[in-house]
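The task is simple: from the sequences and hints, build the whole structure.
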Amino acid sequence: MYTTDMTGKTKAEAVAEDPALIAAFEARVANDEFIEPKDWMPEAYRKTLVRQMSQHAHSEIVGMLPEGNWISRAPNLRRKAILLAKVQDEGGHGLYLYAAAETLGTSRDEMTEALLSGKAKYSTIFNYPTLTWADIGAIGWLVDGAAIMNQVPLQRTSYGPYARAMVRICKEESFHQRQGYEIMMHLAAGTPEQKRMAQDALNRWWWPSLMMFGPPDDKSPNTAQSMRWRIKRDTNDELRQKFVDITVPQAEAIGLTVPDPALKWNEERGAYDFGEVDWEEFAAVVRGEGPVTKERIQARQKAWDDGAWVRDAARVHAEKRAAAKLAAE
Amino acid sequence: MSDASKEWPLWEVFVRGKGGLSHRHAGSVHAVDAKMALEHARDTYTRRMEGVSLWVLPSAQIVASDPGDAGALFEPAEDKVYRHPTFYKIPDGITHI
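Top to bottom, those sequences are chains A and B. Going by numbering that gives the first Met the number 0, the letters in the first sequence line up with residues 0 to 328, in that order. Going by numbering that gives the first Met the number 0, the letters in the second sequence line up with residues 0 to 96, in that order.
Worth flagging that the hints you see were computed from the coordinates, not collected in a lab. The model shown is predicted, which means the values in this text are computed figures rather than measured ones. Beta carbons: idealized from backbone N, C-alpha and C, even for Gly.
Computed, partial: chain A to chain B, Cβ under 10 Å:
1) E101
2) S106
3) R310
Given below as structure tokens:
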């Protein structure tokens, strides 16, 4: 999963639900049919989806902050235009996902309030600071790379509006990853100082990127049900392994070193063995103790509060105009 | 004035990919009026030349069939195979039909 709330409970709450309806629903999902907004669905399925989709949306929105930090300081106009477009895409992705989540009967405002109150989580990765320009490269390459790994299977997720939003997002996401890799490539081929900067960014973003796939399978209680419901299509560990296998050669190709002494190609498995993620750190960031968690939520709160008068004024103005138009008719 | 429950209304967005194609549902946006809905639809759903024309309409105005009625509405078509040209056997020698 892209987001990392480990507290959500999704045990089937089938107490008052008609077993026949549940059986028919399970059969449809098992048959790879899509579920659409007005179709009957178990409450637990709806809740799990609202949680996963809204947290995915929050991740896109909060994800604009670390990169937005560098728009005014991009090294040249080309990079600046690209970064602006990328951050705008993240906003767009958040909006596709909010709209898709709203089809389940949860309002946009409810979701925003859940984010601001800390009730809803977002990807732990965005609670790390962007210290240098190379971090923009590392985010595009690693963070968007990990996101793609998570998102591609979600294009076939069982809930129609979510799957359709993911198709749109995946189309746009590969530009993000390539522009990030290009930044790293240029820095790695630059002066020794630039190369050091690229390596430093890789060192800081590597492990948090591996955490984006969520807790290990044996500590991910929701996985089994989410996979049965086709909300999730691969386990956390499967996706993490895939990401490592794809990314390590990309680092080697530009002369950067993945910061993991345990990393070793395993001929027998045809995959890389790699070191243990620091799950203590992950749990701490999920609890809200990430390096810049407070700043992120403060920034969202400020944007929400500062925009309040605009939202109100626009609404009241439109209501007045509509009333005047009605009166004139 | 800042009543949190006063959300901007929801609009459904339809995009015509290019001339000759029909408008197709892309997603939804929140906006106070039609003009703003078009602007938001443009920014949200056509950042990569996805369209040449946009439709927006208030989501509340859509009337949809009930999934529970799907059987009654659509199943009667299942046993009317004679509506399809392949139902009719025409000898090999006959052409242009």
